[in-house]
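Oh and the sequence shown: position 57 is 57 in the working numbering, straight run, nothing missing.
In short, the hints are calculated from the structure, not lab data.
Hints may contain errors.
[Stated by the list, open to error] Label-pair distances were calculated between CB atoms; the ranges are:
| hint | residue 1 | residue 2 | range |
| --- | --- | --- | --- |
| 1 | Thr-87 | Tyr-39 | 17 to 25 Å |
| 2 | Gly-104 | Leu-77 | 26 to 34 Å |
| 3 | Arg-44 | Val-108 | 25 to 33 Å |
In this text, a Cβ means the ideal position worked out from N, Cα and C, and glycines have one as well.
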Amino acid sequence: MLPFASLAFDFRGNGLSSGQTSYGSYLDEAQDIKSIVDYVNSGRIDGYQCFVLNVMGGGDTVVPEEDVWEYDRIMRLSAPDTTRVTTSVVPGASHFWSATHELGALQVVVNSWLNSVLPLAKL
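Put together the whole structure using the sequences plus the hints.
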């Protein structure tokens, strides 16, 4: 087993999640993300690696592309081991992915990160 936990979620009102979908306001989505961060920080997950991966818009709302490197700087300030913090931008990726080349680019980013922290891991 790999030494990290995986957590998947839908924003409220999406997929099979309860709640009501909101349009035009991201306050509910921000609260959903805060709840996830609180859960991860609660110590209830048995794993020590954290990989934040967004493919459906939450991250592009929370961290707009023009602010991604400021976000990276802040993440490094709070990380106990900054050599394990990696920020990658997949070129052309947006709220709505429409091309398979984006998935290939994402696999390259994830494989690169996994190889840096767990040299034997492969997707």
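Quick rundown of the hints versus the structure:
no. : hint                            : result
1   : Thr-87 with Tyr-39: 17 to 25 Å  : holds (22 Å)
2   : Gly-104 with Leu-77: 26 to 34 Å : holds (32 Å)
3   : Arg-44 with Val-108: 25 to 33 Å : holds (32 Å)
Hint violations for this structure: none, all hints satisfied.
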